[in-house]
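Trainee: Sequence order for the protein chains is A and B.
Per this note's numbering, the very first residue in the first sequence carries number 1; after that it's consecutive.
Per this note's numbering, the very first residue in the second sequence carries number 1; after that it's consecutive.
Read the hints as simulated data drawn from the structure, not as lab findings.
Please read these numbers as outputs of a predicted model, since none were measured by experiment.
Check before you lean on any hint, since a few could be wrong.
Stated by the list, open to error - Residues of chain A placed beyond 12 Å of chain B at every Cβ, according to the derived structure:
#1 Leu31
#2 Ile70
#3 Met221
#4 Pro244
What the hints assert, rightly or not - Selected chain B positions facing chain A (Cβ under 10 Å, derived; list incomplete):
#5 Leu230
#6 Thr237
#7 Leu241
#8 Val251
#9 Arg255
#10 Ile258
#11 Arg259
#12 Gly294
Cβ coordinates follow ideal geometry from the N, Cα and C atoms, glycine included.
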Amino acid sequence: MKVRIESLSVRYGATTALAGLDLTAEPAEVLAVIGPNGSGKSSLIKAVAGLVPQQGRIVFEAEGGAERRIGYMPQDISSRAALTVLEAVLLGRLGRLGLRVKPEDLAMAQGVLDELDLGSLAGRYLGELSGGQRQLVFLAQALASEPNLLLLDEPISALDIRHQLEVMQIVRRLTHGRRLTTIVILHDLNIAARFADRIAVMGRGRLVCHGAPKAVIEPAMVAEVFGVEAAMSSGPDGALIVTPLRAV
Amino acid sequence: MNATGNQGAGAASVEALYARLALRRRVVLLSGLAAIAISLVLDVATGPALLPIGAVAKSVFGLAQDRTIDAIVWAIRLPIAFVALAVGAALGLSGGIMQTILNNPLASSYTLGVSAGAGFGAALVIVLGVAIPLPEAWAIPTMAFLFAALACGGVYAIGSLRGSSPEMLVLGGIALLFLFQALLALLQFVASPEALQQIVFWLFGSLQKASWSKLWIIVAVLAVALPLLLLDAWRLTALKLGDERARGLGVDVSRLRIRSFAIISALTGVAVAFVGTIGFVGLVAPHIARMLVGEDQRGLLPASALFGALLLSLSSIASKTVLPGAIVPIGIVTSLIGVPFFVWLVIRSRRAFW
Numbered sequence: 001m002k003v004r005i006e007s008l009s010v011r012y013g014a015t016t017a018l019a020g021l022d023l024t025a026e027p028a029e030v031l032a033v034i035g036p037n038g039s040g041k042s043s044l045i046k047a048v049a050g051l052v053p054q055q056g057r058i059v060f061e062a063e064g065g066a067e068r069r070i071g072y073m074p075q076d077i078s079s080r081a082a083l084t085v086l087e088a089v090l091l092g093r094l095g096r097l098g099l100r101v102k103p104e105d106l107a108m109a110q111g112v113l114d115e116l117d118l119g120s121l122a123g124r125y126l127g128e129l130s131g132g133q134r135q136l137v138f139l140a141q142a143l144a145s146e147p148n149l150l151l152l153d154e155p156i157s158a159l160d161i162r163h164q165l166e167v168m169q170i171v172r173r174l175t176h177g178r179r180l181t182t183i184v185i186l187h188d189l190n191i192a193a194r195f196a197d198r199i200a201v202m203g204r205g206r207l208v209c210h211g212a213p214k215a216v217i218e219p220a221m222v223a224e225v226f227g228v229e230a231a232m233s234s235g236p237d238g239a240l241i242v243t244p245l246r247a248v
Numbered sequence: 001m002n003a004t005g006n007q008g009a010g011a012a013s014v015e016a017l018y019a020r021l022a023l024r025r026r027v028v029l030l031s032g033l034a035a036i037a038i039s040l041v042l043d044v045a046t047g048p049a050l051l052p053i054g055a056v057a058k059s060v061f062g063l064a065q066d067r068t069i070d071a072i073v074w075a076i077r078l079p080i081a082f083v084a085l086a087v088g089a090a091l092g093l094s095g096g097i098m099q100t101i102l103n104n105p106l107a108s109s110y111t112l113g114v115s116a117g118a119g120f121g122a123a124l125v126i127v128l129g130v131a132i133p134l135p136e137a138w139a140i141p142t143m144a145f146l147f148a149a150l151a152c153g154g155v156y157a158i159g160s161l162r163g164s165s166p167e168m169l170v171l172g173g174i175a176l177l178f179l180f181q182a183l184l185a186l187l188q189f190v191a192s193p194e195a196l197q198q199i200v201f202w203l204f205g206s207l208q209k210a211s212w213s214k215l216w217i218i219v220a221v222l223a224v225a226l227p228l229l230l231l232d233a234w235r236l237t238a239l240k241l242g243d244e245r246a247r248g249l250g251v252d253v254s255r256l257r258i259r260s261f262a263i264i265s266a267l268t269g270v271a272v273a274f275v276g277t278i279g280f281v282g283l284v285a286p287h288i289a290r291m292l293v294g295e296d297q298r299g300l301l302p303a304s305a306l307f308g309a310l311l312l313s314l315s316s317i318a319s320k321t322v323l324p325g326a327i328v329p330i331g332i333v334t335s336l337i338g339v340p341f342f343v344w345l346v347i348r349s350r351r352a353f354w
């Protein structure tokens with residue numbers, strides 16, 4: 001599903017969160033959105049999910065006329081609902097659930113739970129899980145909808161480094177394997193550089209620049225957008241390494 | 001991936017787990033029904049004249065030989081016992097929906113002003129006389145019903161002033177609770193001694209005015225409400241994950257809330273209209289249901305109704321037995337029994353559900 005965003009604006013009362021943003025996301029592409037706090041990243045994703053009042057235009061062009069199925073994972077991972085992990089994941093398929101849950105819904109839930117290695121937690125209540133485990137459950141929920149557009153708002157913020165890498169590997173594999181369009185908000189520039197096909201940099205509700213990771217992430221941009229002096233180097237596998245040095 | 005902090009547990013089959021959850025729901029609902037059947041027979045057997053339980057059971061199931069017992073059972077006690085069940089179910093169900101759509105464990109018609117609204121409507125008729133062309137026996141329930149709906153509308157109107165978030169709706173409900181209590185106090189202040197006594201008695205809640213015709217009205221509302229709610233079961237469950245997440249899953253949250261509020265006002269209105277304000281059942285029954293079947297509304301809502309029915313039926317028995325020779329108003333009994341029971345439930349529950 002190709003997503004074309006044209007002069008998109010989002011306002012909350014007198015506050016302007018997004019001011020005329022143009023951006024395109026392609027199928028089989030991981031598009032990472034980075035930017036400082038309050039730069040409008042979440043508003044962008046919420047607007048694409050259709051959850052906030054907006055001006056401008058968002059065009060969805062599905063490949064082969066497939067219907068639009070959005071898997072949206074909000075930033076908030078708190079939940080104390082007396083729901084089991086399985087029930088929470090099934091909710092990802094809300095539109096298709098009947099009073100009686102069909103075997104294919106259970107099979108799909110099984111698939112995503114296995115993929116994220118959550119199978120052994122399936123019967124646990126959300127309130128009993130750690131924040132990181134809950135974050136994985138909500139990712140599983142987003143994946144359970146069999147989306148062709150995946151919108152992830154800081155999906156790895158509560159995860160340990162191993163899980164950060166594993167989740168991003170899964171996201172990348174699914175995106176390329178199933179030709180999903182994935183827009184993911186990330187704070188860690190190293191993770192973004194390593195896993196994104198393209199990076200969009202936001203600042204103050206506007207798109208600052210976008211392009212391939214190595215073209216976008218360079219000292220001048222980091223200094224201007226984040227106010228941080230950073231050194232760039234190359235890792236043993238050739239990936240870009242960003243070392244933040246000091247706030248400027 | 002295998003570092004979720006649960007190595008070695010092994011991946012359980014989702015299908016088996018789901019079957020287990022479904023079985024648990026079924027067992028809880030069937031046990032609830034069985035408990036209700038027992039409580040019903042006991043409720044009918046107790047009263048000024050204690051009837052032999054065997055004879056009562058036979059009469060209830062249409063196998064009686066004794067005409068006197070039949071007359072007492074069918075004309076007097078069965079309507080009361082059934083109304084207790086139906087009102088309990090209506091209160092439990094409305095409390096269950098309210099706790100779900102407001103995502104708040106303290107929500108119920110009683111705590112958020114809907115019952116208080118109904119009480120004010122009833123008092124209005126008692127003090128000012130009948131403004132609508134109906135005999136008083138029906139004018140009081142009608143006004144109680146209308147004011148329950150008005151209170152529900154009021155809660156929603158106040159809440160929607162700032163985006164109908166659950167917090168705003170709860171604040172709206174609390175504001176209305178105090179408003180209606182103040183208005184009620186004002187009415188009591190200006191009422192004649194006779195009217196005052198009638199208001200106070202009405203507010204205690206009483207099953208003694210139950211009749212078959214009232215029963216059918218409550219049953220009809222329940223029969224419409226429960227299927228309508230079950231159609232929204234998954235959407236309501238999604239609401240428990242928070243508004244934003246529910247919206248992200250495709251739920252039209254504000255419409256769902258409006259639909260649910262309409263059903264709450266009908267359920268509470270009809271329950272309070274015929275038996276007066278009965279607290280606690282609507283608050284406690286959903287908690288019991290949640291502990292036993294979890295938050296999946298396909299199980300939670302029917303279970304809330306069942307445990308509401310059971311609680312009120314047990315309270316009805318207690319109301320006839322705690323003071324020999326007297327029937328204590330049911331509203332007093334539900335709170336007296338309910339409070340310690342509720343505290344015990346909350347303390348012994350190991351899982352934090354709210």
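Trainee: Can you name, in rising order, the numbers of the hints this structure does not satisfy?
Mentor: 2, 9, 10 and 11
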